[in-house]
Amino acid sequence: DTGVSQDPRHKITKRGQNVTFRCDPISEHNRLYWYRQTLGQGPEFLTYFQNEAQLEKSRLLSDRFSAERPKGSFSTLEIQRTEQGDSAMYLCASSFLNSYEQYFGPGTRLTVT
Amino acid sequence: GQQVMQIPQYQHVQEGEDFTTYCNSSTTLSNIQWYKQRPGGHPVFLIQLVKSGEVKKQKRLTFQFGEAKKNSSLHITATQTTDVGTYFCAGDTGRRALTFGSGTRLQVQP
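Protein chains in written order, with this note's numbering: chain A, 271 to 383; chain B, -4 to 105.
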């Protein structure tokens, strides 16, 4: 399967714990995006990378959230000191440099208890 | 900040009826994209509109981009049960950070 993959698919954690998610984009894609989606809403942009450079970060993004893409391939999204409000589906997407079309992965569903 | 509103939130149609969802942005867009998300699935890209007044068709789906590049619509002719899902518009101001609407959930009764 050459699509976008995310790991884990589900994560249950207790409030206050740190969690890290991984995204493997389509291999030829330069751009990688992170979104958060809650029930009944559209995906909400969090951040995006072009190769290893983080080019944009949502102003809504708490400083508890950090993302990396160290070698311009896979990316990780870490949430520190999780809160119940962080419960959501975290989606990763990737695209070619000169294309608008974004390919989404299956997402990581986070539940904070 | 930029907001994208989408109506209706939900539409239930009989198979064979038409369906339309509308999208309005608070700011002028560089382009607008449409995605479909099946229940339990992830968003899948349908189309991108770039030019003012642009109209594109994909079989039974017709997409329009407004003259002012602030609104868009998706029209499905003669719906089928395979059209079930949530349709999202996503506005791009040129920064590549998409702002998604809240989506229109389509239910098709066989």
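Mixed in with the good hints, there may be bad ones.
[Claimed, not checked] DSBU-like, lysine-lysine: derived pairs with alpha carbons at most 30 Å apart: (1) Lys65/B with Lys52/B; (2) Lys65/B with Lys54/B; (3) Lys341/A with Lys281/A; (4) Lys31/B with Lys65/B; (5) Lys31/B with Lys54/B; (6) Lys327/A with Lys31/B; (7) Lys327/A with Lys65/B; (8) Lys31/B with Lys52/B; (9) Lys327/A with Lys46/B; (10) Lys46/B with Lys65/B; (11) Lys281/A with Lys52/B; (12) Lys281/A with Lys327/A.
If you are wondering where the hints come from, they were derived from the structure by calculation, not from laboratory data.
Can you give the numbers of the hints that this structure goes against, from lowest to highest? When the structure is compared with the hints, only number 11 turns out to be violated.
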